[in-house]
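Given the sequences, and given the hints that come with them, work out the whole structure.
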Amino acid sequence: MELNATLLGQMIAFAILIWFTVKFVWPPLLGAIEERQKKIADGLAAADRAKAELKAADERVADEIRKARVEAATITEKAHHQANAIVDKAREDAIAEGQKQKAAAEAEIANLSHKAREVLRQQVASLAVAGASKILQREIDANRHRELLDQLAREI
Amino acid sequence: MSAEAKAGGLTEYITHHLTHHNVAVGESSFWSVHLDSLLVSFALGLLMVFWFWSKARKATSGVPSRGQAFVELVVEFVDGQVKDVFHGDRKFIAPLALTIFLWVFAMNAMDLLPLDLIGYGARVVLGAEHAEHFYFRAVPTADVNTTFAMSITVFFLVIFYSIKAKGGLGFTKELFTAPFHAHGAGAKIALAIPNFFLNLVEYLSKPVSLAMRLFGNMYAGELVFMLIAGLMSMWSLGAVAGSLGFGIGVLVNAGWSIFHILIIGLQAFIFMVLTVVYISMAHEHH
Chain A
1 MELNATLLGQ MIAFAILIWF TVKFVWPPLL GAIEERQKKI ADGLAAADRA
51 KAELKAADER VADEIRKARV EAATITEKAH HQANAIVDKA REDAIAEGQK
101 QKAAAEAEIA NLSHKAREVL RQQVASLAVA GASKILQREI DANRHRELLD
151 QLAREI
Chain B
1 MSAEAKAGGL TEYITHHLTH HNVAVGESSF WSVHLDSLLV SFALGLLMVF
51 WFWSKARKAT SGVPSRGQAF VELVVEFVDG QVKDVFHGDR KFIAPLALTI
101 FLWVFAMNAM DLLPLDLIGY GARVVLGAEH AEHFYFRAVP TADVNTTFAM
151 SITVFFLVIF YSIKAKGGLG FTKELFTAPF HAHGAGAKIA LAIPNFFLNL
201 VEYLSKPVSL AMRLFGNMYA GELVFMLIAG LMSMWSLGAV AGSLGFGIGV
251 LVNAGWSIFH ILIIGLQAFI FMVLTVVYIS MAHEHH
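Chains A and B supply the protein sequences, listed in that same order.
First residue of the first sequence? That's 1 in my numbering, and the numbers climb one at a time after it.
First residue of the second sequence? That's 1 in my numbering, and the numbers climb one at a time after it.
Everything labelled a hint here was simulated from the structure, so no lab data went into it.
Backbone N, C-alpha and C fix where the C-beta goes; we use that ideal spot for every residue, glycine too.
It is possible that part of the hints are untrue.
Said to hold, decoys possible - Here are the simulated DSS-like cross-link-like pairs (lysine-lysine), alpha carbons at most 27 Å apart as the crow flies:
| # | chain 1 | residue 1 | chain 2 | residue 2 |
| --- | --- | --- | --- | --- |
| 1 | A | Lys-39 | B | Lys-91 |
| 2 | B | Lys-83 | A | Lys-39 |
| 3 | A | Lys-23 | B | Lys-164 |
| 4 | B | Lys-83 | B | Lys-164 |
| 5 | B | Lys-83 | A | Lys-38 |
| 6 | B | Lys-166 | B | Lys-206 |
| 7 | A | Lys-38 | A | Lys-23 |
| 8 | B | Lys-206 | B | Lys-164 |
| 9 | A | Lys-51 | A | Lys-39 |
| 10 | A | Lys-39 | B | Lys-58 |
| 11 | A | Lys-23 | B | Lys-83 |
| 12 | A | Lys-55 | A | Lys-38 |
| 13 | B | Lys-166 | B | Lys-188 |
| 14 | B | Lys-58 | B | Lys-91 |
| 15 | A | Lys-67 | A | Lys-78 |
| 16 | B | Lys-164 | B | Lys-188 |
| 17 | A | Lys-51 | A | Lys-38 |
| 18 | A | Lys-67 | A | Lys-55 |
| 19 | B | Lys-206 | B | Lys-173 |
| 20 | A | Lys-38 | B | Lys-58 |
| 21 | B | Lys-91 | A | Lys-23 |
| 22 | A | Lys-102 | A | Lys-89 |
| 23 | B | Lys-91 | A | Lys-38 |
| 24 | B | Lys-188 | B | Lys-91 |
| 25 | B | Lys-58 | A | Lys-23 |
| 26 | A | Lys-55 | A | Lys-39 |
What the hints assert, rightly or not - Quick list of the computed label-pair ranges, beta carbon to beta carbon:
| # | chain 1 | residue 1 | chain 2 | residue 2 | range |
| --- | --- | --- | --- | --- | --- |
| 27 | A | Asp-63 | B | Ser-54 | 37 to 47 Å |
| 28 | B | His-21 | A | Lys-38 | 47 to 57 Å |
| 29 | A | Leu-8 | B | Gly-238 | 49 to 59 Å |
| 30 | A | Lys-23 | B | Val-252 | 41 to 51 Å |
| 31 | B | Leu-223 | A | Trp-19 | 32 to 42 Å |
| 32 | B | Leu-169 | A | Lys-51 | 55 to 65 Å |
| 33 | B | Phe-171 | A | Lys-51 | 23 to 33 Å |
| 34 | B | Ala-220 | A | Lys-23 | 32 to 42 Å |
| 35 | A | Leu-8 | B | Leu-251 | 35 to 45 Å |
| 36 | A | Pro-27 | B | Gly-170 | 29 to 39 Å |
| 37 | B | Ala-220 | A | Trp-19 | 51 to 61 Å |
| 38 | B | Tyr-120 | A | Lys-38 | 45 to 55 Å |
| 39 | A | Pro-27 | B | Glu-174 | 30 to 40 Å |
See the structure below:
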């Protein structure tokens with residue numbers, strides 16, 4: 001144990017070292033560490049935020065897709081309806097047209113048969129006259145017996 | 001082993017190695033300094049502090065260089081230790097702890113230098129004739145002056161923080177009224193003396209134990225290295241004993257050195273933590 005003035009020298013040296021560390025060494029190092037910690041914390045928070053945003057975007061996209069699908073289904077259904085309506089209408093039109101055609105044809109047939117009957121009636125009248133004249137062997141005055149002939153034709 | 005050991009044996013060798021390079025600066029025996037302790041401790045203190053300062057100056061909060069990362073590792077370690085013990089503004093305490101840790105660690109580490117390295121250097125530089133009377137102890141913490149200088153400084157800080165926390169009056173009052181609390185005036189006066197005595201012991205035991213623990217560890221470590229050196233130089237007892245002693249000595253020396261690495265760090269850590277504990281005890285109002 002030889003305590004001497006070395007003690008004082010060491011105390012001064014210690015004090016100077018403490019002062020220097022407190023003033024120049026510690027603050028910048030701890031500042032850098034704390035700033036980096038803050039940066040890392042911010043980075044992690046940003047990553048979390050980005051993750052949440054991504055999730056929200058995914059949900060939005062899924063929502064949009066779902067909506068689009070529903071819309072597409074609606075459109076298809078409507079198209080089906082429309083197509084059916086068009087086909088139905090075409091069918092109805094066709095049926096109506098057909099009936100019209102049929103009616104016209106029937107009318108014409110009726111007309112023609114009527115005409116043919118007229119012609120036939122007249123020919124029957126002349127045939128009857130010719131037949132009768134043959135039978136009677138004498139000429140029948142067509143003008144005198146017109147009334148009779150017409151009555152005969154009507155009866156045929 | 002150096003020349004004087006050959007002449008005077010192991011006792012002479014150890015005595016030589018335990019003698020400081022003493023330079024008188026005044027008349028009385030107090031006014032002399034251990035130049036070796038001062039030089040080595042100043043150099044190491046400056047080395048550590050400037051090393052950290054050089055990293056602190058270029059410190060970036062971005063990606064740190066390897067050097068900065070290492071320095072930050074130490075800083076964070078010390079800051080974490082202080083944070084655990086001291087609850088308050090660490091602007092002064094934490095760098096104080098860092099200074100103690102670095103300085104004590106570096107000074108302790110001088111124990112790992114080969115024992116006769118400096119003696120050999122002195123013989124080369126000064127010549128064998130002068131080297132006989134050249135004394136140099138490389139471990140400043142194996143000098144009570146260094147350890148007491150630190151512990152007394154810490155003691156002053158403890159007093160300072162006590163007064164800061166309790167006020168000058170409160171501090172003085174507590175010296176006489178704690179730890180034994182009395183209620184009557186008579187009892188108060190009767191307990192004043194024992195209280196003061198206990199407080200005195202409590203306050204003084206801190207710097208003494210702090211200094212003696214470090215000094216004792218480093219001094220003992222140095223001494224063991226010297227004894228191992230003695231074991232390695234028994235050549236005068238013959239070739240067989242000499243080589244046997246040398247072989248065992250080499251092994252033991254390696255073992256003790258490796259163990260001592262632990263002691264070096266541990267003692268630096270203990271000094272730092274106890275300083276923080278003492279100051280936080282003073283800081284906290286009770």
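Q: Confirm or reject the claim that Ala-220 (chain B) and Lys-23 (chain A) have a C-beta distance inside 32 to 42 Å.
A: Given range 32 to 42 Å: holds, Cβ gap about 36 Å.
Q) Regarding the pair Lys-164 (chain B) and Lys-188 (chain B), is the alpha-carbon distance no greater than 27 Å? A) 25 Å, holds
(Q) I want to verify a distance hint. Is the separation of the beta carbons of Asp-63 (chain A) and Ser-54 (chain B) within 37 to 47 Å? (A) Violated - the Cβ-Cβ distance for Asp-63 (chain A) and Ser-54 (chain B), about 59 Å, lies outside 37 to 47 Å.
Q) Holds or violated: 41 to 51 Å for the Cβ distance of Lys-23 (chain A) and Val-252 (chain B)? A) Given a distance of about 45 Å, which is inside 41 to 51 Å, the answer is holds.
Q) Going straight from one Cα to the other, do Lys-51 (chain A) and Lys-38 (chain A) come out at no more than 27 Å? A) Measuring from Cα to Cα gives roughly 20 Å; hence the hint holds.
Q | Given pair status - Lys-91 (chain B), Lys-58 (chain B), alpha carbons within 27 Å | A | With Cα atoms ~20 Å apart, Lys-58 (chain B) and Lys-91 (chain B) stay inside 27 Å; holds.
Q. Between Lys-83 (chain B) and Lys-38 (chain A), is the straight-line Cα distance small enough, at 27 Å or below?
A. 19 Å, holds
Q: For the pair supplied as a hint, Lys-51 (chain A) and Lys-39 (chain A), confirm whether the alpha-carbon distance does not exceed 27 Å.
A: The given pair, whose Cα atoms are some 18 Å apart, holds under the 27 Å limit.
Q.
Given the hinted pair Lys-83 (chain B) and Lys-39 (chain A), is their Cα-Cα distance within 27 Å?
A. At roughly 22 Å apart (the allowed maximum being 27 Å), Lys-39 (chain A) and Lys-83 (chain B) satisfy the hint.
Q: For the pair supplied as a hint, Lys-206 (chain B) and Lys-173 (chain B), confirm whether the alpha-carbon distance does not exceed 27 Å.
A: 20 Å, holds
Q | 27 Å Cα cutoff - pair Lys-67 (chain A), Lys-78 (chain A) | A | Roughly 17 Å separates the two Cα atoms, so the pair holds.
Q. Going straight from one Cα to the other, do Lys-102 (chain A) and Lys-89 (chain A) come out at no more than 27 Å?
A. Status holds; Cα separation ~19 Å.
In terms of the numbered hints stated before, the structure departs from hints 24, 27, 33 and 37, listed from lowest to highest.
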